[in-house]
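One letter stands for each residue in the lines below.
There are 2 protein chains.
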Amino acid sequence: MSRLPSVRSLVAALAFGGLGFAIPAVAEEPALEIVGMGSFHVGGRLAEVSGQPPRDIVFTPGAPPARIDPNGLYAVEQMYAQWFKPRTERGRVPILLWHGGGLSGVTYETTPDGREGWVNWFLRRGWTVYNSDAVERGRSGWASPDVWPAPALHLPVGNPFERFRIGQGEGSYSHDPAKRRVLPGNQFPTEAYDQFPRQLSPRWTTTDQPTIAAYIALVDKVCPCVIVFHSQAGQFGFRVAQARPDKVMALVAVEPSSVGDPARVDVLKAVPTLMLYGDFIEQDPRWPTIRRTGIGFAERIRAAGGHADVVDLPAAGIRGNSHMIMMDRNSSEVAQVIQTWLQQKGLWR
Amino acid sequence: MSRLPSVRSLVAALAFGGLGFAIPAVAEEPALEIVGMGSFHVGGRLAEVSGQPPRDIVFTPGAPPARIDPNGLYAVEQMYAQWFKPRTERGRVPILLWHGGGLSGVTYETTPDGREGWVNWFLRRGWTVYNSDAVERGRSGWASPDVWPAPALHLPVGNPFERFRIGQGEGSYSHDPAKRRVLPGNQFPTEAYDQFPRQLSPRWTTTDQPTIAAYIALVDKVCPCVIVFHSQAGQFGFRVAQARPDKVMALVAVEPSSVGDPARVDVLKAVPTLMLYGDFIEQDPRWPTIRRTGIGFAERIRAAGGHADVVDLPAAGIRGNSHMIMMDRNSSEVAQVIQTWLQQKGLWR
Chain A
1 MSRLPSVRSL VAALAFGGLG FAIPAVAEEP ALEIVGMGSF HVGGRLAEVS GQPPRDIVFT
61 PGAPPARIDP NGLYAVEQMY AQWFKPRTER GRVPILLWHG GGLSGVTYET TPDGREGWVN
121 WFLRRGWTVY NSDAVERGRS GWASPDVWPA PALHLPVGNP FERFRIGQGE GSYSHDPAKR
181 RVLPGNQFPT EAYDQFPRQL SPRWTTTDQP TIAAYIALVD KVCPCVIVFH SQAGQFGFRV
241 AQARPDKVMA LVAVEPSSVG DPARVDVLKA VPTLMLYGDF IEQDPRWPTI RRTGIGFAER
301 IRAAGGHADV VDLPAAGIRG NSHMIMMDRN SSEVAQVIQT WLQQKGLWR
Chain B
1 MSRLPSVRSL VAALAFGGLG FAIPAVAEEP ALEIVGMGSF HVGGRLAEVS GQPPRDIVFT
61 PGAPPARIDP NGLYAVEQMY AQWFKPRTER GRVPILLWHG GGLSGVTYET TPDGREGWVN
121 WFLRRGWTVY NSDAVERGRS GWASPDVWPA PALHLPVGNP FERFRIGQGE GSYSHDPAKR
181 RVLPGNQFPT EAYDQFPRQL SPRWTTTDQP TIAAYIALVD KVCPCVIVFH SQAGQFGFRV
241 AQARPDKVMA LVAVEPSSVG DPARVDVLKA VPTLMLYGDF IEQDPRWPTI RRTGIGFAER
301 IRAAGGHADV VDLPAAGIRG NSHMIMMDRN SSEVAQVIQT WLQQKGLWR
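Protein chains in written order, with my numbering: chain A, 1 to 349; chain B, 1 to 349.
Next up, chain A with everything else stripped away, as it sits in the complex (with noise of 0.2 Å):
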């Protein structure tokens, strides 16, 4: 790790635009080798539903009815979590991947045009790592309208392409993808962006407290940790934080589109975080608020004597990156960033 320049280094480079290191040319890739593997669902409650008629349903052809009694306890707000263990393990503590909204852990697997993503990537340098469907997405399943009563919002397939920064904002997305217009030197794989929106869960708003509350049940269940987390889980990373400030050492937040408490920005004093940003920030309506609503509370996070770099990826000379930068092209040139700042933490041997 003597290598590797002073994080006080790094960010001074920063304000000149450098990253202040040169990533090390990676000549072969380290080795995939997986020797533990499980899942489990953490948190949650139980809700109760009363005052429903029974009913009688055929769940498979052929097969005879089973009486269904929709009155009872359901089993709601539970978060699924899968974790991998490499064989030689080099992080100090595990990595938690976040995903961000209206999406799930698949985020961070196989990229749409069939690069590995970013659990291999920290898997192959030796880090635990454990991804997880936030409450409702995925595999952590979700409540009747009984329970939550809002509707669920679906998102058209066009709708991350103009929204993510991939495409050139409203209007840019057609079914045919010679029509679709993308921001010039997008590192997104765009042609295979159809795979993208098959990720897509159906999401609700309504749903921020209870994911919170299996975060932190998942944090006291598998931490000390790292928590890496995108866009939408902004808040959940940081509230989480200041909830548990002693269980996790450091913070990544890759473009959070919302943050922590302001008015308990002392509690992550403690807590080393770097915040990334990709490219094409100016020329969107929505993302030069959120990129200032993330700066303005890393600056908050300084003020109260704590640590917080943050890192404009084009400004650093890494140029291209859409919202979706775990599958973006140069995904692994970025997570290399966030692996050196790793390990300018010691966090990793």
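Treat each hint with caution, since some may be false.
If several chains are the same, the list does not tell them apart, and a pair holds so long as it fits within one copy or across any two.
Distance condition first, Cα-Cα at most 20 Å in a straight line; then the derived EDC-like pairs of lysine to aspartate or glutamate [said to hold, decoys possible]:
id: 1; residue 1: K221; residue 2: D194
id: 2; residue 1: K221; residue 2: E116
id: 3; residue 1: K85; residue 2: E33
id: 4; residue 1: K85; residue 2: E116
id: 5; residue 1: K85; residue 2: E29
id: 6; residue 1: K247; residue 2: D266
id: 7; residue 1: K179; residue 2: E48
id: 8; residue 1: K221; residue 2: D113
id: 9; residue 1: K269; residue 2: D309
id: 10; residue 1: K247; residue 2: D261
id: 11; residue 1: K345; residue 2: E333
id: 12; residue 1: K345; residue 2: E89
id: 13; residue 1: K221; residue 2: D246
id: 14; residue 1: K345; residue 2: D246
id: 15; residue 1: K85; residue 2: D220
id: 16; residue 1: K269; residue 2: E299
The set of hints was computed from the structure by calculation and includes no laboratory data.
Once you've looked at the hints, dock chain B against the given chain A.
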């Protein structure tokens, strides 16, 4: 493989209520060594929604609202699959694990009481494994009421306890673990029952055809293969094999709750089939009929010149299995029955 008895002696022995061979005592569990891992979505279609007004949605507190036009094209009915590749490949083809109704691929991961599930078990024996979430479940996502008008069915926590031959039928579940009436000798890890309903996934009764279509797309992508399928996936396993008989080297039906097209059993005559049933079936109002349907289908396959072995586990000396055999305390013992049968079919070296 020469140490193993012929299929004929196995089947003959089964007729006498025994397995006909000693299940080898595994002195040391083979190592788990995964050297490749990834995921993808397969199948599905684009569904169009039109005539709905646009909506402004604040996705996360503090973020500016985003205008969402609910009209447009949605990715629906795709299926998620995750794959793992062992260091030393001994299966001649991959194994596909297909879960039952109201569940997801989590079925085959860690058991509710924290033991390794069948994904790991078969990986340890050198099989490449594909574990999928059927259409509508888990990481496959689900469609809006605009696309699927029928409501989803949510199962209360006690439903599988009473319906899956864990408890003594209707009324046997209580929220108080001390008051639950378990079937005596049950192998389900009942002390960890409360973990199981957290895996439940809302389901529809109207998605069989899209599910079959997505499984066919999966088979087209990754087979030749062996398919191990459970419960509701009975019809999926048999019907998909009927659609792609040349791509399916063997079928393992674990308590199938439905079967294939009886008019087309001749298509299955080149696909060896193993069918397994657990314990307590005669004590349940529904299971004798379900099992009769399965055995009848196996008989039709044999009458058509095909090969179908039916193993009644308690008759073969393996007692106490609930419907969730892959989670039961003796799940490895049953996996070994499958493994031995696959070896006899020449599918493992």
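Hints, one by one, checked against the model:
Taking the shortest alpha-carbon separations for K221 and D194, only the inter-copy value of 17 Å comes in at or below 20 Å, while the best intra-copy value is 37 Å. Proximity of K221 to E116 under the C-alpha cut-off of 20 Å is restricted to the inter-copy arrangement: shortest distance 18 Å between copies versus 27 Å within a copy. When the C-alpha separation of K85 and E33 is checked against a cutoff of 20 Å, the pair qualifies both within a copy, at 8 Å, and between copies, at 10 Å. For a Cα distance limit of 20 Å, the shortest separation of K85 from E116 qualifies both inside one copy, at 17 Å, and across copies, at 14 Å.
Taking the closest pair of Cα atoms, K85 and E29 come within 20 Å of each other both inside a single copy (18 Å) and across two copies (18 Å). Taking CA atoms no more than 20 Å apart as the test, K247 paired with D266 passes inside one copy only; the shortest distance there is 16 Å, against 60 Å between copies. In this assembly of identical chains, K179 and E48 lie within 20 Å of each other by CA distance solely across copies; the values are 19 Å between and 50 Å within a copy. With identical chains, the CA atoms of K221 and D113 are at most 20 Å apart between copies only, with a shortest distance of 15 Å across copies and 34 Å within one.
Only within a single protomer do K269 and D309 lie at most 20 Å apart by alpha-carbon distance; the minimum there is 13 Å, versus 64 Å between protomers. In the homo-oligomer, the alpha carbons of K247 and D261 lie at most 20 Å apart inside one protomer (18 Å), although the nearest pairing across protomers, at 55 Å, exceeds that limit. Only within a single protomer do K345 and E333 lie at most 20 Å apart by alpha-carbon distance; the minimum there is 19 Å, versus 47 Å between protomers. Only within a single protomer do K345 and E89 lie at most 20 Å apart by alpha-carbon distance; the minimum there is 17 Å, versus 39 Å between protomers.
Taking CA atoms no more than 20 Å apart as the test, K221 paired with D246 passes inside one copy only; the shortest distance there is 13 Å, against 46 Å between copies. Taking the shortest Cα distances, K345 and D246 sit within 20 Å of each other inside one copy (16 Å), while across copies they are farther apart (55 Å). With identical chains, the CA atoms of K85 and D220 are at most 20 Å apart within one copy only, with a shortest distance of 19 Å there and 31 Å across copies. Taking CA atoms no more than 20 Å apart as the test, K269 paired with E299 passes inside one copy only; the shortest distance there is 11 Å, against 70 Å between copies.
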